[in-house]
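A.B. asks: Residue numbers (the numbering used here), protein chains in the order written: chain A, 1 to 246; chain B, 1 to 246; chain C, 1 to 246; chain D, 1 to 246; chain E, 1 to 246; chain F, 1 to 246.
Take the hints with a grain of salt, since some may be wrong.
For chains that are exact copies, the list does not tell them apart, and a pair is met inside one copy or across any two.
Derived DSSO-like pairs (lysine-lysine); straight-line CA-CA distance at most 27 Å [said to hold, decoys possible]:
{"no.": "1", "residue 1": "Lys49", "residue 2": "Lys226"}
{"no.": "2", "residue 1": "Lys25", "residue 2": "Lys6"}
{"no.": "3", "residue 1": "Lys25", "residue 2": "Lys4"}
{"no.": "4", "residue 1": "Lys151", "residue 2": "Lys105"}
To be clear, the hints were calculated from the coordinates, so they are not data collected in a lab.
There are 6 protein chains.
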Amino acid sequence: MEIKRKDGRLANQLRPIKVELDYLKYAAGSCLLEMGETRVVCAVMVEEKVPPFLKDTGTGWVSAEYSLLPYATTTRVPRSSSQSGRSQEIQRMIGRSLRGVTVLKALGERTLWVDCDVLQADGGTRTAAVTGAFLSLTMCLFRLHRAGQVKLPVLRDYLAGISVGVVQGQPLLDLDYSEDSVAAVDFNVVMTGRGELVEIQGTGEGRPFSREELERLLNLAGEGIKKIIAMERSLLGEDKALLFGQ
Amino acid sequence: MEIKRKDGRLANQLRPIKVELDYLKYAAGSCLLEMGETRVVCAVMVEEKVPPFLKDTGTGWVSAEYSLLPYATTTRVPRSSSQSGRSQEIQRMIGRSLRGVTVLKALGERTLWVDCDVLQADGGTRTAAVTGAFLSLTMCLFRLHRAGQVKLPVLRDYLAGISVGVVQGQPLLDLDYSEDSVAAVDFNVVMTGRGELVEIQGTGEGRPFSREELERLLNLAGEGIKKIIAMERSLLGEDKALLFGQ
Amino acid sequence: MEIKRKDGRLANQLRPIKVELDYLKYAAGSCLLEMGETRVVCAVMVEEKVPPFLKDTGTGWVSAEYSLLPYATTTRVPRSSSQSGRSQEIQRMIGRSLRGVTVLKALGERTLWVDCDVLQADGGTRTAAVTGAFLSLTMCLFRLHRAGQVKLPVLRDYLAGISVGVVQGQPLLDLDYSEDSVAAVDFNVVMTGRGELVEIQGTGEGRPFSREELERLLNLAGEGIKKIIAMERSLLGEDKALLFGQ
Amino acid sequence: MEIKRKDGRLANQLRPIKVELDYLKYAAGSCLLEMGETRVVCAVMVEEKVPPFLKDTGTGWVSAEYSLLPYATTTRVPRSSSQSGRSQEIQRMIGRSLRGVTVLKALGERTLWVDCDVLQADGGTRTAAVTGAFLSLTMCLFRLHRAGQVKLPVLRDYLAGISVGVVQGQPLLDLDYSEDSVAAVDFNVVMTGRGELVEIQGTGEGRPFSREELERLLNLAGEGIKKIIAMERSLLGEDKALLFGQ
Amino acid sequence: MEIKRKDGRLANQLRPIKVELDYLKYAAGSCLLEMGETRVVCAVMVEEKVPPFLKDTGTGWVSAEYSLLPYATTTRVPRSSSQSGRSQEIQRMIGRSLRGVTVLKALGERTLWVDCDVLQADGGTRTAAVTGAFLSLTMCLFRLHRAGQVKLPVLRDYLAGISVGVVQGQPLLDLDYSEDSVAAVDFNVVMTGRGELVEIQGTGEGRPFSREELERLLNLAGEGIKKIIAMERSLLGEDKALLFGQ
Amino acid sequence: MEIKRKDGRLANQLRPIKVELDYLKYAAGSCLLEMGETRVVCAVMVEEKVPPFLKDTGTGWVSAEYSLLPYATTTRVPRSSSQSGRSQEIQRMIGRSLRGVTVLKALGERTLWVDCDVLQADGGTRTAAVTGAFLSLTMCLFRLHRAGQVKLPVLRDYLAGISVGVVQGQPLLDLDYSEDSVAAVDFNVVMTGRGELVEIQGTGEGRPFSREELERLLNLAGEGIKKIIAMERSLLGEDKALLFGQ
């Protein structure tokens, strides 16, 4: 028998997703992404410079920053904590995920700075940020391509992230905050359009979990990501396909 | 003969203003305010505590923070500079302005934290932040009033801010970034519904200015603020009037 | 009927000013300035380098820092707070004021660092700092001129600052701390030798103020600044006139 | 055909492990742990206080810090970077892992501070730190138990960590630095004595990875952890079994 | 044959000393002390609180801070470096020296904060600071005594500091900067009115030094300190003698 | 009659010293040094760059850092305090001491970074660090010599440090923490193989001390250092003699 979710969703059902592409004027790519009540602004800006370890290699870099705005949660988060350990952990994960599908050689020697600011946090902010960051990155790369500044293909595949977890013994897709805060097992999964994994972070802080649970959670995540990537494809439009060498 | 403004505005014409009240779920009062291409998120959160110098006085406090998000301008602003001298100067000005119309005694011993984050900066961000902060503060105070937590009146008057400046010898209202960056004289003005001044900051970094210019700039600012406050009244609705003891 | 000032001054009377020019050995220009019990050390040092945004423009820069020494007030101010928001706001104002009368092109590609340290704070520290900084800057520019390192004119006009405010309904010139701490309206004004304005900062944190009050306060400030600039002229001596192209 | 490992190990072979328990005099539990050339000092100290969110709940806390000493790698790491994003990510993972097997209620209102300092880094430092931290934690809890300060059971299970990865298409156990730096897929796995998972972090920064690869990597990790936990049991001795309620 | 000193002094001659006691209005004790061109402001402020390790012991504390103002040397010292390692080393030495002659039990549970700011640095700033700090401390303690807030004796002895060093093989007293910068051996010595040592810091960064040289340097320092303490006695006046139990 | 030392040592007896040379794999020179229960890791790493003030002079530099690891003392020291004033004072002393016997010209334009981390602190950590740092430096220089990268002689003499102090009126050599914490007078002495002094830091925070006490303490320190340097010679071996030009 299934657990009853607060908002009436099925265990394997995503929250409604809303995306406003090119949300910002000065960023090279950006969006405002909402998953249920979670709301994230993602923006990509281009710097014609790479970190020291890449100098004179012809290779580019993608670097991400993540921040919870002070009013994103029920209790105000002082700005000084915005670069907390949690934020650092998350922004490293976003950066790795994006680099996992980007052809850095094709970028040329430039850095794409990806900022993800959470306006409202109702669970799943880091995976929403991965999805929003990927959309913004794609828009940015399309502009760079139009300006003749990147080689093709510059992206290996589509990318999206989702959270899954076990609540009262039941694996659930896309946890909101009320679910996340009582989950015994908590996973963040990032996958590609071909269904391969790019990043998986799972923790059983409440209790250890078995290989079988892991399987079920990854299946659930896979289902969710497939739907999100379908949304991404239609949102980005067919003209972006050439970035992927298609 | 008049200078021709990039967007066709008259010298004494405001940019279009758009406000989404209660933009955020967890804040006690909030809005997304746009003036032309300038876009600011304002949020007020309540902390049941006052700074040390107010302890056991029965009086409350209003404290503001202002930050430029990294993608708000054409060149990315590193997050570490978000608490720059400029931001500190601005947030002190926002705080003073709000306290200038708030009856702190009526607040009780609590602090209202007002956050103003600039999503997009096309000039006039600090005065847009004053206006947005005032709207959010009013929404927050209305909720506190409904919950029986503040005395009335808790606000002395309506409040709004606007920038004015002299460009190519011509006083202009509500400068956008392209105007602001070449202005010889630059003013930020905060006024009340009765047309009194709460804060005035003027600087002639390009060249000194005369008392006559000051007069003309304040007249221009007064015109603009009158229109903004009319918009505030209609936006907030009549039921908020009691906060002002009306 | 006039308010009675603690030290017997008239409403439009300055405190006694004492200046020791070239107070310091290593600075290119410096002074110890006292206005009543307020005491500020100002020093200018030359760096043969400009901030990045001015590189290769042939133009120089003036940058100010302001700090309250720990023993400047009745309660010790920890050193860590010396770069507080208040200090940042003030040093930005000092920098803008000085740049307002300096011909940056004539400076050549160098930065003049102006430090203002308050040894004793009895009100009006920021405007005393503007006056002391201007005197030190002039001494420094005179030395640079003698060494053939700046073009003439390098200064547009004399400069001084003063505070004015409304205490118990009475506009007062040059507030000491006991007056400042109860002032309903509080102004800092920076003007030139020709009586033009360079910077005006006014705040009605206690209550809003009218245009008429603004007029009266600016008149009062203008009177005071005229006297201070007369003192500056006599102190600096006639040989400095050539810096102003006279 | 198998890849040839630099040190002649089989793909599923651990590096030699050496542990010196109670390595430090003042810590309540500590060890020096070596896995091949990787060398970590782990120490647990007791503070009779909990973080604010646990006050008056009767529940304790385990908090971990991880740091790379400046001479741990071939190029010196400045001390200021020791609290880098990478360190923060790692210490959060160590803390979660330890809390995953600790009965926090049984601890009483105290915090166990776990420090992990890497003297020498030749790959696998974070999982070596998990193993060393668990051993130190157990020694500390045994002392607290002897002093009558914790309830039993205070540990749910044994715990160890190991890294696995894919190098030149070959899944390998316990990567050294030369292997880790060329791995396409990189996993850190923390498991219990019963073979359940507590933490799994996998990233395909080089390229995405399939569910099958994930399976094989987890099998490899499981084998390795089984051996490490056998070592832990014999090292800790039978008298520690009662901490686990056995 | 003796080395010729720039200012014509003998090897064992002090620079002229000038002291302005009670230099500051808000500090409980203060002075402006000049030794030749070195100029230091010292101030003592009272806080009715002690550091945690002294709570409820009835014992007081003396804590010193030392800072080089940005214009104190020929090249401007950025403010951020004012809490450099050098400053920290020096302020710890000043604090220890003062505590060495203060009867902390007699102080009661309060902290005396001693600030030493160097306006102009021409060598010997740290020992000038010790002397100036001692004078300020004595003035402060005299006021506390008058107010009935300390027991007597509260000071064990007079205190002063001086630098000595070896330049071109010649031991010299009270080095100015031009001497200090070429000294092979460099000593800072703090002694009491009875000629006992409180602090000695000697370093042979240029070359090691012998026990004989140490003897000669300490003799030289002893001579100098005797003179400084005679000056202190006459400056402080006979009424201060009771602080020392005389 | 002599004071009885906790561990049965005579007043002029050192604690047992144990050194493991080349303790670390990646450092160019390193050791683990134990003096009784005090345990310090010292490591030297080479950077092919000098601080700005030495650029293009052909001269090298030696820079030291000292840190107390969080578990080094009975109460945990938060990592943030690891760069405390005390640490800064100590690392400056270690750096000066090493430079006192190093021929910086012979080093070439490179910096030797010397890190000293205290694993366990039972008194005398800073002088143990000097001794350990000297041993590590010598090993590093020997490697640089073998690689033909330094001129000879590159060291002027052997170097070691020791603490001495007065406990209950009795001068003692090599104080442990229980002795150090009650010592009235406290000295750290660094001497060379020829018995000359490089650094002496003495403080009478408990009470002033006489010249006679100073003599006795330095004699005691001299005895101890002679023994430590004999140990260093035998440990380093005869082949290192050429670094000293022997």
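A.B. asks: Compare the structure with the hints numbered earlier in the document and write down the numbers of the violated ones, lowest to highest.
C.D. replies: Hint 1 is the one this structure does not satisfy, whereas the remaining hints hold.
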